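Line order of the protein sequences matches chains H and D. Quick note on numbering: this note's numbering labels position 30 of the first sequence as 237, and the sequence is numbered without any gaps. Quick note on numbering: this note's numbering labels position 49 of the second sequence as 281, and the sequence is numbered without any gaps.
Simulated from the structure, these hints should not be mistaken for laboratory data. In this text the structure is predicted, and so the values were computed from the model without any measurement. Errors might be hidden in some of the hints.
Some, not all, of what chain D presents toward chain H, calculated at C-beta under 8 Å [unchecked claim]:
1) 257
2) 273
3) 334
4) 336
Derived BS3-like pairs (lysine-lysine); straight-line CA-CA distance at most 25 Å [unchecked claim]:
5) 285(D) x 310(H)
6) 310(H) x 256(H)
7) 256(H) x 276(H)
8) 276(H) x 265(H)
9) 310(H) x 289(D)
10) 285(D) x 302(D)
11) 315(H) x 302(D)
12) 315(H) x 265(H)
13) 302(D) x 310(H)
Simulated restraints on C-beta separations [claimed, not checked]:
14) 311(D) x 287(H): 34 to 44 Å
15) 244(D) x 276(H): 39 to 49 Å
16) 339(D) x 320(H): 15 to 25 Å
Where is the CB? At the ideal position from N, CA and C, for every residue including glycine.
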Amino acid sequence: AQSVTQLDSQVPVFEEAPVELRCNYSSSVSVYLFWYVQYPNQGLQLLLKYLSGSTLVKGINGFEAEFNKSQTSFHLRKPSVHISDTAEYFCAVSDFGGGSNYKLTFGKGTLLTVNP
Amino acid sequence: DAGITQSPRHKVTETGTPVTLRCHQTENHRYMYWYRQDPGHGLRLIHYSYGVKDTDKGEVSDGYSVSRSKTEDFLLTLESATSSQTSVYFCAIKDSNQPQHFGDGTRLSIL
């Protein structure tokens, strides 16, 4: 069984400040990792994904994440946030390969609030 | 959202009534999923499908059933709705080489 822990339920920051949203996972097998973003009253949109290869992954809107296998972490970062980044962010994991039918396990979410 | 449509988008109903939510895709993707989203819980998998007539339970399947009689439609049914099933329901689709892609959600209130 897999689990995902997002260590902060809420992160308030000021505009143009850097931000890091933390995600740790546990799994007995190799995994794929994802970050999704949800703007108010909308569905989930993929920010970035780690499948294999380079451990530093770049996504949309200037976000990036680093996969750390030894720490079982996949933290999301942005060097300078904007008001428009205010949203809820979800970390998710799925088993490597199709045997699990690519089911996702989500963390509980981190609400990022960017203040002027 | 392009390629995936959930209906209805909003529904209010009473305890004990049956409710069916529909997820329709135009992408011909093999995999389809139903999640519910509740404050403090993130998204939790209810049921999923890996092909026509091939479905299986997820983490929170009690009180829900699903059907997939054709590739494009995945139906979620609450046989007798309860107030604990008040939630926002999301459908997702997936091709083997792509991440899951989500619909815009259905907000369901059970009074």
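Outcome of the hint check:
no.	hint	verdict
1	257	14 Å, violated
2	273	6 Å, holds
3	334	4 Å, holds
4	336	5 Å, holds
5	285(D) x 310(H)	18 Å, holds
6	310(H) x 256(H)	15 Å, holds
7	256(H) x 276(H)	15 Å, holds
8	276(H) x 265(H)	17 Å, holds
9	310(H) x 289(D)	11 Å, holds
10	285(D) x 302(D)	8 Å, holds
11	315(H) x 302(D)	32 Å, violated
12	315(H) x 265(H)	22 Å, holds
13	302(D) x 310(H)	21 Å, holds
14	311(D) x 287(H): 34 to 44 Å	50 Å, violated
15	244(D) x 276(H): 39 to 49 Å	47 Å, holds
16	339(D) x 320(H): 15 to 25 Å	22 Å, holds
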